[in-house]
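J.: Mind docking chains B and C on chain A? Use the hints.
Protein chains in written order, with our numbering: chain A, 1 to 309; chain B, 1 to 222; chain C, 1 to 291.
Think of the hints as simulated: they come from the structure by calculation, not from any bench.
Certain hints may be false.
Here are the simulated lysine-lysine pairs, DSBU-like style, with alpha carbons at most 30 Å apart [as the list claims (entries may be wrong)]:
1. 57(B) - 60(C)
2. 37(C) - 74(B)
3. 214(B) - 65(B)
4. 60(C) - 163(B)
5. 62(B) - 52(B)
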Amino acid sequence: MSSVIQVQGLTKKFGHQFTAVNDLSFSVNKGDVYGFLGQNGAGKSTTIRMLLSLITPTSGSIEIFGMPLQANRAAIMQNVGAVIEKPAMYEYLTAYQNLKIFSALSGVSKTRLQLLHELDVVGLAARAHDLVRTFSQGMKQRLAIAMAMVNDPQLILLDEPTNGLDPQGIADIRNLILQLSRVQGKTVLVSSHLLSEIEQVATRLIIIDKGCKLVEGDSKDLFDKSKTVVAIQTLNNIEATKQLMQTNWASHVLIDRSSDKEICMQLDEKLLPTLHKNLVEMGIGVLSVKPMHSLEDYFLRITSTPSYV
Amino acid sequence: MFIFCASLAIAQDASQLIKKVKAKLELVDNYEATGVMKTDIAFIKAPIGKIKIYFKKPNLFKIKKEGGISLLPKGGLSVNLSSLIASSNYTTIDAGVQDVGTKKLRVVKLLPNEETSDVVISTLYINEKESLIEKAVTTTKENGTYTMLMNYGAYSNYGLPDKVVFEFNTKNYKLPKGITLEFEDDSKPLSAAQQLKNKKGRVEISYKNYSVNKGIPAAVFN
Amino acid sequence: MFSLVQVELYKIFKRPRTYIAFGAVAALIGIIQFGLKLDGKSYLDFMLNDLSSSLEIDGKILNGYLVCYVMLQLLLVHVPLLIALIAADMISGEANMGTLRLLLIKPYSRTTLLLAKFIAAIIYTLMLLVWLAILALFGSMLLFGTDDMFLLKTSYVVLLKESDVFWRYIGAFGFAALAMTTVAALGFFLSVFAENSIGPIVATMSVIVFFTILSTLNIPIFNIIKPYLFTTHMIGWKEFFDIKVNASNEAIIGSIQNPEKIVKASLVLVAHTIGFFVATLLVFRKKDILS
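The following block holds chain A by itself, in its conformation from the complex (with noise of 0.2 Å):
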């Protein structure tokens, strides 16, 4: 599978006291929708402002399309649509002269009646000739993928791109997410925190946490009952951890992510009573066995520990 996307050792320190990402590295391969997850200030914004130039890595590669990024910016950005953060387009301006804009700036020479089907689209189409400052939060959301998409890229990053939409158009989000993958097969991008969403979605996903990898991987491979990711919290999780090497447990145990709060394992879930068994059997006194089933689990129980992958 070849990689749109190569992060290697991806760093961006600002001033001497502050390392917004850390010795990042990730790839994203093409037809992804590759997750992006982390807390808020985990580095998620500088790391996609730093895959479209916006901010200089302190050190690390970029490589997009198998480009090095720096050498081949403007090959690279005529290939890539986004939406960051909040949507942002010239409000005393109409909707069909921001697209307008925008695809001129792209370097896209589009019809009139093009543009007004971009704007159907995302449907906008009925207010095309309308002030884009009388637009709601959900209008300015989807103008905004319209400009990101007015240039037909092969990469689309998604900054949070269902902030501030109602259900109806969350839904419309990620049908479009997936349209735009599965039919068209675009490499897409998407970082959210509405995690249930991004479950929906994903194929490929990372979580970071303070501008370090915690995890990456395919959705079904983390979410696979077969490789349950198990919490296990008891009396003394240091000792329990020394027992359990000891056993045949020993290869399930995830050591880098267990600490003095709690051992993680990755087991078939079907073995969690065994498990439990045994671990009474040894003399450990168990407090609670967690499995993780869904991302949110997953994400909150490991962004609350201190491991790092």
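T.: Structure of chains B and C alone, referenced to chain A:
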């Protein structure tokens, strides 16, 4: 007695001379002339201007610039030669002979008898042979003292000069920067010599063509 | 590049605030013309008070050429603010709206974008000056007619023949355009540092006011830096209205008293303009776009 008679005779000579000059000037009932006027005042930068000069007896005199703005000494130029000696109500005093340039000119002072006259005294330097006034220094109540220097040529028979140089006094010129909005002006205060230079002005009129006694409408002098 | 400049001009002239400047210029000029038309004689009498004690000045002194000169003296101090309204908003305004990040993910370099915006700002400046010229010069010529130009400077008077005036105004407006371009470049430069237009606009005006004060104060310690301040040279347009005289103190028609001052001032302004733009480029190319 002899001195009294002698002085009477000299005085008569001066009056006679004035009469002769006046007779010549009175040959001209009116004239229209074209000319060029050059204003030479230290603090004014002005180009030469083309003018038209009109005169009608006894004392109507007008200078009109052919388009544009003209700068003339106040009051002075309107007093021309004829008007200097137009009225007979003055006392003539012979002041002898004086060298002016290369010429020996008869100096005659005219004192108006009327107390209301603006002219306080006029000193005329006359070419006796030609009966032409070559220089006149006039002191007025309103406009100070001015000097007229005349050069004659083709129209000397009429007593009409080819060139008149008018010298007069001016006030030192200075406007506040707040008025002219020239806050950037960094000119230094004038030296005493320059200040003195600024107090004198000169207007030079060179007459090109005279059209004598052809008639001039009164409206021209309005 | 051409299409980028077109887009920038489109954005400038679609924005209502752009027309504030044109309206303000029209209003100011209208007020001055109205006032002088109504009571110009009193103004002239006041100005000529000193001179008229020894000279009789005849002619249409208060004509369109003089009125335009008076207006330029007043307006060219205030027009920089109107230029700053747009120029200082070029980058910071985009950052404020959030559109800067969208512009910078397009397939052209930051240098290209900056150059396009700068050219658009200059075109706006020139258009404002053309508008000023139409109203101040041609409008005044229509309202007040034309005649010789009688200029009362602080320590001397200049009389320019009518036929010798118009080309000087072409030169003066051309020079003013250059001066205003320098102001635009300054506003443009300061615009890079902010994400809100108010700051750069106020900063631009503050710099101009501060430097103008330094330029006009006659204090020896400031005289060292005066030649290097662009505000010292912004009033170089006035040199077009000073004339040389020959040995007989006769004004030489078609001459300029100090042409080298105009050349020097132009070079200083061009240097400042280029300097501001290059500085803008250097800062902007490396700037992290967080807006």
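J.: Between residue 57(B) and residue 60(C), does the CA-CA distance stay at or below 30 Å?
T.: The given pair, whose Cα atoms are some 29 Å apart, holds under the 30 Å limit.
J.: Can you confirm whether the C-alpha distance between residue 60(C) and residue 163(B) stays at or below 30 Å?
T.: 27 Å, holds
J.: So if I understand the rule, the pair passes when the alpha-carbon distance is 30 Å or less; does residue 37(C) with residue 74(B) pass?
T.: 27 Å, holds
J.: Just to be careful, I want the Cα atoms of residue 62(B) and residue 52(B) compared with a cutoff of 30 Å; is the pair within it?
T.: 8 Å, holds
J.: Is the hinted pair residue 214(B) and residue 65(B) satisfied, with a Cα-Cα distance of at most 30 Å?
T.: 21 Å, holds
Hint compliance for this structure: every hint is met.
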